[in-house]
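J.: Sequence:
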Amino acid sequence: MGNDEARMTNDEIMTKHERTPRPLLPSSFVIRHSSFRRRQLVEAVIFWFFRIATYLVLAAATYIFLDIGVKGSRTLFTTHAPFINVAFFTERPQTLYVFEFEGKKYTLSDSEFRAWKRQHPEEVEATSVAYSAGGVWPCIVGTTLLVIGSMIFAL
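Under this note's numbering, the first residue of the sequence shown is numbered 23, with each subsequent residue one higher.
Calculated from the structure, these hints are not laboratory results. Since we're looking at a predicted model, the values are computed, not measured. Mixed in with the good hints, there may be bad ones.
[As the list claims (entries may be wrong)] Cross-link-like lysine-lysine pairs, in silico, DSS-like; alpha carbons within 27 Å at most:
#1 Lys-126 x Lys-93
#2 Lys-127 x Lys-139
#3 Lys-93 x Lys-139
#4 Lys-139 x Lys-126
Let the hints inform the model, and build the full structure from the sequences given.
T.: Here you go:
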């Protein structure tokens, strides 16, 4: 420090540093016109990308739910009274057996297939599809218990 600075008070030293000219540096608070336009363009492109992606996800989800609803309604609703397939709600899920016997195609649930086998001891070439016959009663009960348990846990 020089002699002048040694005699200055702290406030005088601080005001002296504030008065000294500094070189002009680019400020991060000042927006240059070219970078501002580029940022606006990038922001608009990203905005539209996410908007289109959102619409695609919504369209896919809508298709999936409509497909499930249309195919499920064929199983759920019948053409004769009571117009609702009650067995679909009240039975347990079962394996579906598909086979031909004496030129006729059969599609039977596991319990129906076992009863049929007792009456017809002949061997048949049956293909099975797991959980494609029967109903959804255990699923309804399980979902209800899960919701009740979640509500109790949330309280």
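J.: Straight-line Cα separation of Lys-139 and Lys-126 no greater than 27 Å?
T.: 15 Å, holds
J.: Do the alpha carbons of Lys-126 and Lys-93 lie within 27 Å of each other, as the hint requires?
T.: Satisfied, since the Cα-Cα distance of roughly 25 Å is no more than 27 Å.
J.: If you draw a straight line from the CA of Lys-93 to the CA of Lys-139, is it 27 Å or shorter?
T.: 30 Å, violated
J.: Decide if the proposed pair is consistent with the structure: Lys-127 and Lys-139, CA atoms, cutoff 27 Å inclusive.
T.: Holds, because 15 Å separates the two Cα atoms, which is no more than 27 Å.
In summary, the structure is inconsistent with hint 3 from the numbered list given earlier, while agreeing with all the others.
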